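Protein sequence lines correspond, in order, to chains W and V.
Just so you know, we're using our numbering here: the first sequence kicks off at 1 and counts up by one.
Just so you know, we're using our numbering here: the second sequence kicks off at 1001 and counts up by one.
Take every hint as true, because none was put in to throw you off.
Derived DSSO-like pairs: lysine-lysine, alpha-carbon spacing no greater than 27 Å straight-line:
{"id": "1", "chain 1": "V", "residue 1": "1084", "chain 2": "W", "residue 2": "74"}
{"id": "2", "chain 1": "V", "residue 1": "1175", "chain 2": "W", "residue 2": "74"}
{"id": "3", "chain 1": "W", "residue 1": "74", "chain 2": "V", "residue 2": "1161"}
{"id": "4", "chain 1": "V", "residue 1": "1163", "chain 2": "W", "residue 2": "74"}
{"id": "5", "chain 1": "W", "residue 1": "54", "chain 2": "V", "residue 2": "1175"}
{"id": "6", "chain 1": "W", "residue 1": "54", "chain 2": "W", "residue 2": "74"}
Everything labelled a hint here was simulated from the structure, so no lab data went into it.
Keep in mind that this is a model prediction, so the values were computed, not measured.
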Amino acid sequence: MAMLEVNNINVFYGSIHAVKDISFKVEKGEIISLIGANGAGKTTILQTVSGLLKSTTGSITFNGQDLMHIPAHKIVGHGLAQVPEGRRVFLQMSVMENLELGAYTQPKNTIDHNLEIVFEHFPRLKERRTQVAGTLSGGEQQMLAMGRAMMSNPTLLMLDEPSMGLAPILVDEIFKIIVELNKAGVTILLVEQNAQMALSIANRGYVLETGKVVMTADAKELLNDDSVRKAYLGA
Amino acid sequence: MEFLSNVINGISLGSIYAIIALGYTMVYGIAKMLNFAHGDVIMVGAYVCFFMTSRYNMPAVVGILLSMFVCTVLGIVIERLAYKPLRQATSLAVLITAIGMSYFLQNGAQLLWTSNPKVFKSVVGDGGVQLTEGLYVSHVTLVTIAVCVIIMIALTVFTGKSKMGKAMRACSEDKGAAQLMGINVNTTISITFAIGSALAAIAGVLLCSAYPNLVPTTGSMPGIKAFTAAVFGGIGSIPGALIGGILLGIIEIFAKAYISTEISDAIVFAVLIVVLLVKPTGLLGKKISEKV
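With the hints as constraints, model all of the structure from the sequences given.
Set out below in structure tokens:
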């Protein structure tokens, strides 16, 4: 049994069929990338897994536990955290408060330990801990969003477009941290438009087009596949 | 001395507006809706306290606590029954529902307690203090100001330091992200309504202690003025509710004392219009970008 199994989900926005019968799975310890153009349904998929959107069909299980029929706020407690698209840190609150909210479901005595781990991966956040999140740079906000998610001590971390709007040097830094987190034992589900970057660190990849999975293979194969290169890697 | 007396009375009236405005502003901050039934919860609170103290001769403390309890439950029930089913509806539908709920409470009160005015017995007695020569301040006035200060400090600490308070601020910024943190948004909204309604009960008791004429529409005008105060100070902002409330109280008392009793309400609302023309987000309001 895979860690995360998504089977035949369908998601609608009103009459728009955004996700069409999609299935995929994530094994423990993997880095999985979902790649595809704007509007392919990547964000919708992640939001459905984390319960913010509901699928009309199919099933989503995490370590065998059904996720489709529990409320969104209960999902993070099962060890599945999401770093949402556009970071969505709490801009009017301090870095420290954001991190504390990340540990909302955690028992009080583990918070200090989680905080230590987060500061180890993101030393910048430690320097800025009293600063209001709205005054951070885009890269720092991305780190805060990731640190906040890590505060819930997840076994699966879902990242939605972590490279969006960041300078290339910061993208490199963020991806280096993603690999680090994975090595530390966190399974990663990554959604990216930056296909090159996403596939370069991934074990496997899924290519999405207008709400459907059109291809899935080892990340290396996808990187060398002609049609993928043409469509997503600018070659 | 007359001037100083007016200032103190203005602050006291403004304190009541501020306490009511907190209910509007907190609910707006989190549920992004204007709960126009809030003023009528005040009236219910005043009636509960009236019956406990005047009819059943219970001590004032019991009357106040029971009134807070009833209003808290009422607030939660209103939210669950009337507003929660409309969480995904347009804001206009919610607004109309809130106005409907307001009339429902007023008419319900009329049915239960008739429209005959009740004379509310002040919960702090009728006396006062001679501060200096020519400056006499009633107990109600002083207690009202003190209660407002205590509530403000308590709420500031609650929202700033407590886990629940932080969850409330998170919900007011981004409900989706708050859910990803594991925060139950529905519970948070219920708690916000509970706090706002408990404060409304306190405001009702203080209001009727100062102005003892209790009828089913008692809460309506103060409710609208407190809403004005919340907008004036910047809706969604807790310190804004305080500043807006106090300023509105002072303006109203001054308008009554130096201009005209009849048009004092008009002057209050005229000030609001001017403030909104100059600073549309209110005095302490943040710029809100409405997502469509």
